[in-house]
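These protein sequences, in sequence, are chains A and B.
Be aware that the first sequence starts at 1, since it is given in the UniProt record's numbering, and climbs by one per residue.
Be aware that the second sequence starts at 1, since it is given in the UniProt record's numbering, and climbs by one per residue.
Since the hints were made in silico from the structure, they are not lab data.
Just so it is clear, CB atoms sit at the ideal spot from N, CA and C, and this is done for glycine as well.
Possibly wrong hints are sitting among the right ones.
Computed list of lysine-lysine pairs in BS3-like fashion (alpha-carbon distance at most 27 Å, straight line) [unchecked claim]:
1. A:Lys431 / B:Lys504
2. A:Lys596 / B:Lys349
3. B:Lys344 / A:Lys604
4. A:Lys562 / A:Lys544
5. A:Lys596 / B:Lys162
6. A:Lys639 / B:Lys344
7. A:Lys639 / B:Lys507
8. A:Lys147 / A:Lys234
9. A:Lys611 / B:Lys162
10. A:Lys247 / A:Lys234
11. A:Lys611 / B:Lys204
12. A:Lys544 / A:Lys533
13. A:Lys431 / B:Lys507
14. B:Lys507 / A:Lys562
15. B:Lys516 / A:Lys604
16. A:Lys601 / B:Lys349
17. B:Lys349 / A:Lys604
18. A:Lys431 / A:Lys147
19. B:Lys349 / A:Lys639
20. A:Lys164 / A:Lys8
21. B:Lys507 / A:Lys601
22. A:Lys8 / B:Lys204
23. B:Lys504 / A:Lys639
24. A:Lys601 / B:Lys516
25. B:Lys344 / A:Lys596
26. A:Lys423 / A:Lys247
27. B:Lys344 / B:Lys242
28. B:Lys516 / A:Lys431
29. A:Lys611 / B:Lys504
30. B:Lys251 / A:Lys639
31. B:Lys507 / A:Lys423
32. A:Lys562 / A:Lys431
33. A:Lys611 / B:Lys251
34. B:Lys504 / A:Lys423
35. B:Lys507 / A:Lys596
36. A:Lys164 / A:Lys147
Per the computed footprint, the stretches of chain B lying under chain A, defined by three or more beta-carbons under 8 Å from a beta-carbon of chain A, are [stated by the list, open to error]:
37. 85-98
38. 144-156
39. 276-288
40. 333-343
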Amino acid sequence: MAERSFAKEVEKLRLGAGQEFAGEGILAITKALLQCGVGYVGGYQGAPISHLMDVLADAQDILGELGVHFEASASEATATAMLAASVHYPIRGAATFKSTVGTNVASDALANLASGGVTGGALIIVGEDYGEGSSIMQERSHAFAMKSQVWLLDPRPNLPSIVKAVEDGFELSEASNTPVMLQVRIRCCHVHGHFVAKDNKRPPMSVADALEAPRRDTGRIVLPPASFLHEKEKVAKRWPAAVDFIKSRKINEIFGSDHGSVGIVMQGGMYNSVIRALQRLGLADTYGDTDVSLYVLNAVYPLVDDEFLAFCEGKQAVLVVEEGQPNYIEQAFAAMLHKAGRGTRLVGKEHLPMAGEYTGQVMLDGIGSFLRANGPHLLPGEVRAPNKSGEGVDTADLVNVVPGRPPGFCIGCPERPIFAATKLVEQELGKHHIASDIGCHLFSIMPPFELGATTMGYGLGPASASAFNSPDAKRRSISFVGDGGFWHNGLTSSIGNAVFNKNDGVIVIVDNFYSAATGGQDILSSRASNRTKSTKHPITEAVKGMGVKWLRHIDRTYDVGKMQATLREALTTEEKGPKVIVASSECMLNRQRREKPLVDKAIKGGERIVKPKFGVDEDICTGDHACMRLSGCPSLSVKSLDDPLRDDPVASIDQNCVGCGNCGEVADAAVLCPSFYRADVVHNPGRWDRFLESARRAVIGRLQRRRESRRLVFADA
Amino acid sequence: MLDHNAALHPRTGAHDEERVIKLAVLAVGGQGGGVLADWITDVAERSGYIAQSTSVAGVAQRTGATIYYIEMARDTGRLPVFALSPSQGDVDILIAAELMEAGRAIIRGFVTPERTTLIASSHRIAAVSEKIEPGDGRASSETVHATAQAAARRFIAFDMEKIAAENGTMISASLLGALAGSDALPFARESYEQAIGAGGRGVKASLAAFAAAYDRARGIGAAPAGEQAAKHAVTEAKSTAKVRGPEILLKGWQELAARVGALPEPMRDMAERGLKKVVDYQDITYGGEYLDRLDKAVALDGPEHAYALSIAAAKHLANAMCYDDMIRVADLKTRSTRDRRVRKEVGVKDGTVLQVTEYFHPRIEEFCGTLPAGLGSYIEDRPKLTAFLDRRINRGRHIRTDSFTGFAMLWVIGGLRRWRRRLLRHRIEVDHLERWYDLALAHAREDYALGTEILNCRRLIKGYSDTHARAQSKFDRVLSALDMLKGRDDAADWIRRLREAALKDEKGDMLDGALKTVATLGG
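Hey, can you work out the whole structure from these sequences and the hints?
Written out as structure tokens, the structure is:
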């Protein structure tokens with residue numbers, strides 16, 4: 001069950017010709033796929049295209065009606081390899097994943113797919129996770145398109161444009177027998193907008209039809225001598241075909257006046273930001289009408305030489321707006337101008353930063369600087385020589401005050417106690433080399449845990465600790481991998497590798513029943529029943545199957561003491577070979593989403609339900625915050641007491657507490673303080689509950705009154 | 001950098017109806033910022049506007065700082081070109097769902113005096129870095145308030161989280177109410193309410209929170225002062241709270257209270273609070289001992305110092321005398337007031353039953369501390385015996401204080417109060433207290449400020465078990481600087497700095513650094 005349900009939204013996928021679609025970019029792309037008669041879709045979740053996978057998963061009934069096959073692929077490599085179905089058969093297929101991390105994983109399959117080429121349109125939709133809010137290394141997908149020679153579309157970020165790009169992409173792929181990548185940036189995926197729908201199309205040939213009439217053509221298989229021919233075919237046939245298509249179909253767009261002395265060339269995805277900068281410079285209106293010549297590359301690879309040279313005709317200077325580095329596009333254009341012997345001056349990274357996101361301010365500064373240097377006559381006077389209007393507010397003090405707020409573990413997260421236990425074990429046995437992995441558990445790197453030295457890739461945590469395996473070492477490495485990473489790649493690359501190479505380290509598999517960081521999608525070891533997928537395959541069985549001998553399974557991670565003891569044993573046992581601990585508890589975000597409505601319903605229905613919540617006795621808490629250094633739970637925070645005798649704020653648990661138990665367990669395991677209590681509220685108590693309660697309260701009340709009648713009682717105490 | 005104000009010169013026909021309104025929401029992941037963005041988009045579309053919203057979802061949701069961004073323009077039949085993220089100096093309305101996020105918005109340049117309406121909830125969600133300091137690591141809300149007043153064209157701030165909680169809903173509803181009430185958008189109140197209604201879930205609660213925040217935003221200015229006054233009144237009421245109990249004890253209390261009444265006025269409040277704390281902790285006699293000790297500080301004091309030494313003594317003597325032992329914990333956990341507080345905090349309603357589990361982890365130290373001094377030290381002097389007993393005692397115990405046995409056990413331990421003075425822990429604590437107090441007063445005779453600072457160092461001692469041991473070590477390390485600082489005029493300043501450094505991190509790394517600096521000061 002994914003974090004967000006699109007069950008309601010997917011009904012929009014049924015819209016027919018002429019009806020208006022309103023919604024998120026991701027949903028628009030899904031609708032476009034169906035309008036294009038796609039035959040199969042696969043992918044791997046990850047921001048910003050997680051929702052695309054979730055939409056598809058929730059849309060399986062509609063996909064089924066149309067005869068479209070959908071797979072939640074095991075990895076991006078799987079998803080891309082799946083496009084092999086378009087090699088021999090005229091079936092349109094699409095794969096989607098987060099880039100560049102997913103493209104890295106997919107690149108083996110991508111290269112093979114690109115070499116042999118395709119018959120049916122093959123579209124790879126990559127969610128470009130670049131700039132603010134990104135959680136990955138900052139690289140460009142552009143390089144993958146170049147090295148494998150697949151075409152890259154980067155449409156203007158509005159719904160009609162991205163829907164059109166999906167249509168263009170399939171046709172371009174078929175016209176040039178080449179897979180096409182469609183790049184959508186993170187905010188474009190989540191942009192809310194409108195477009196006019198078309199009818200959905202059944203695929204002319206389904207995968208079932210293909211299975212009934214198998215085809216093969218050795219000329220399309222990546223084996224010598226065919227592979228040598230593929231390379232030649234790419235440059236002699238497919239490339240020119242792609243250029244012809246892009247040109248004849250006017251995939252790239254030209255806006256503004258066509259006779260100005262300066263022009264701006266941009267990736268399609270940058271169009272809105274360029275217009276905003278021009279609006280702010282007084283050179284464009286609300287609708288993007290402008291006197292500056294604009295050349296918008298909705299296809300950024302391959303580039304079209306004569307189209308570009310024609311755009312430069314009569315221009316003194318052209319600015320290339322290309323986000324990220326290296327500046328492939330700018331270099332290519334510079335070479336075109338040079339070879340054509342043109343005098344147009346081409347600039348780009350002189351005015352815009354080489355690295356980093358092109359934010360509104362960056363764009364305003366860069367385009368402003370370009371125009372002041374090359375077309376000052378275009379600019380209004382105030383922009384050419386601005387009168388500074390007073391000093392801005394001094395924020396120097398504020399910078400020191402406002403705390404950073406990186407993402408962290410959620411309320412009640414079952415991974416928190418694992419890292420609290422690790423911290424406690426390190427207090428006993430000293431610091432260890434800890435290798436981290438991709439997933440929510442990576443938040444262990446942040447305060448308050450501050451554990452983990454590297455992260456090398458999804459499922460590669462234990463693999464990245466493999467060098468730390470020495471007979472001379474007195475200390476073992478610890479590595480983490482999540483259940484998502486485990487099934488994605490970890491089983492072979494990390495666990496198999498450790499067994500085979502007799503690695504002596506400790507491996508902790510963090511099992512929260514979902515691919516949690518990407519939005520809670522089901523995976524093989526998920527414990528829920530899934531209508532269309534096979535779940536409930538225990539990680540422990542897979543690990544045993546790989547040959548791991550020392551294996552411990554903790555089925556309730558909140559037991560900090562047990563977690564700590566197991567880690568201690570793994571770090572100190574005489575036994576050789578990898579020590580694997582599978583630490584399992586359900587992702588709290590998903591659990592709450594699943595259980596909360598059920599619990600509320602049961603309470604309303606009169607069932608006996610026990611609801612836990614934690615609390616702190618504020619007069620017992622001394623305000624040392626040791627508990628928070630082992631927790632970091634958002635619902636465990638600090639509050640000031642209205643008591644001048646107390647200098648420091650005390651611990652306090654807010655209403656959002658889900659009663660996971662971590663506070664009490666940590667207080668126990670770390671011998672912190674007795675101020676935590678768990679309050680279980682029994683809803684709809686039975687007769688026995690009520691009888692016991694009244695008897696207990698009578699006795700306890702008596703004892704309390706007895707003592708309180710013999711001492712001074714202060715009204716506010 | 002180009003001037004921000006250059007923004008407002010559209011190319012052609014710059015009619016007001018073509019203006020793009022830019023609105024950003026800065027929130028903490030999990031606050032429901034997405035719901036708010038959807039509502040605002042809906043309101044705009046209902047009101048004849050074209051709107052575009054974007055966000056960066058992904059991991060930023062997980063309690064991290066996150067931004068939602070909306071642009072809207074009157075629907076003229078043509079599609080405007082909207083940007084997908086806010087730009088510095090180009091935001092009309094900024095909504096911060098938490099106070100520090102308002103600060104972050106200002107730092108990022110999204111709030112400008114010429115145009116931005118800043119709507120912020122004044123409540124705080126402490127960041128992890130603020131919570132983990134052993135002292136008070138919280139950021140200064142005043143700085144944000146002061147800067148926001150100067151940075152925004154209009155600044156509307158009140159506790160919208162509280163309004164949401166009072167109405168049983170999420171903050172997104174009260175934020176929307178404040179936005180509507182601010183009139184920063186040209187939309188009617190009804191369209192906001194329709195948007196909430198269209199959401200379909202928890203509509204009634206959301207509408208109530210919306211209405212409360214709407215009114216509050218309209219009447220902004222008067223309300224916060226009222227809040228302040230109310231808070232003040234509570235504090236006043238508390239210090240003159242009533243006492244009840246057996247006649248004989250009340251008589252003893254009157255005598256002690258009269259002694260407090262005779263103390264200089266500036267320190268009376270603190271002394272009365274301290275006295276109440278120690279009497280509540282032990283008994284009337286203990287209260288007398290407290291005042292005897294306090295008198296020693298008063299004797300050295302005078303109005304020329306505003307009684308800083310005596311006030312510090314009143315505060316820290318009380319805390320030192322009320323050390324946290326098993327008896328204290330058991331006593332507090334078995335009181336009827338505690339029972340009532342838990343019920344209120346948890347929200348126990350009629351027809352439900354409350355079960356309370358306490359988490360204890362006693363060690364041999366706590367056990368011996370609760371034995372008569374002779375027996376306790378006999379055991380502690382024998383490591384083998386200590387280890388043997390520790391193996392039996394040292395483990396986590398979950399005790400149900402709503403059950404007969406669990407409650408009775410703690411009730412009995414709480415009753416050991418009577419014999420507390422004879423127990424080992426008391427002897428240790430009294431020794432420590434007297435050494436510290438004598439040291440402070442001895443210094444105060446020559447250097448009044450230094451004496452006061454030594455008293456204030458008692459703030460360092462807190463926590464249980466290992467944390468307590470670490471606190472004790474920090475306390476000793478801070479006071480170890482006294483020798484190095486002998487004869488310096490700024491000795492008090494240095495002790496204060498050392499104490500502040502000690503409260504910054506767990507192990508006292510900052511303190512060690514500061515101590516090295518002190519060592520290099522020279523004579």
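**Study point:** 27 Å Cα cutoff - pair Lys8 (chain A), Lys204 (chain B)
**Key:** holds, 22 Å
Review point. Is the straight-line distance between the alpha-carbon of Lys611 (chain A) and that of Lys204 (chain B) 27 Å or less?
Key: At roughly 25 Å apart (the allowed maximum being 27 Å), Lys204 (chain B) and Lys611 (chain A) satisfy the hint.
Exercise for review: Below or equal to 27 Å on CA atoms is what counts here, so check Lys147 (chain A) against Lys234 (chain A).
Suggested key: The hint holds at about 12 Å.
Review point. Lys349 (chain B) and Lys639 (chain A): Cα distance at most 27 Å?
Key: The given pair, whose Cα atoms are some 25 Å apart, holds under the 27 Å limit.
Check your understanding: Residue count check for the region 85-98 of chain B against chain A: does it reach three with CB-CB under 8 Å?
Key -> The restraint on the region 85-98 of chain B holds, since 6 of its residues have a Cβ under 8 Å from chain A and three suffice.
Point to revise | Holds or violated: Lys431 (chain A) to Lys504 (chain B), with C-alpha atoms at most 27 Å apart | key: Holds. Lys431 (chain A) to Lys504 (chain B) sits at ~22 Å (cutoff 27 Å).
Review point. Between Lys344 (chain B) and Lys596 (chain A), does the CA-CA distance stay at or below 27 Å?
Key: OK: Lys344 (chain B) and Lys596 (chain A) at ~22 Å, within 27 Å.
Practice item. Given the hint that Lys639 (chain A) pairs with Lys344 (chain B), test it: the Cα-Cα distance must not exceed 27 Å. Key: holds, 17 Å
Exercise for review: Could you grab the alpha-carbon distance between Lys544 (chain A) and Lys533 (chain A) and see if it respects the 27 Å cut-off?
Suggested key: holds, 23 Å
**Study point:** Claimed coverage, the region 144-156 of chain B by chain A - three or more beta carbons nearer than 8 Å
**Key:** holds (count 4)
Check your understanding: Is Lys601 (chain A) within 27 Å of Lys516 (chain B), Cα to Cα?
Key -> It is violated: about 62 Å lies between the C-alpha atoms, which goes past 27 Å.
Point to revise | Pair hint outcome, Lys423 (chain A) versus Lys247 (chain A) [Cα-Cα no greater than 27 Å] | key: violated, 60 Å
Against the hints set out earlier in the document, violations occur for numbers 15, 18, 21, 24, 26, 29, 30, 33 and 35.
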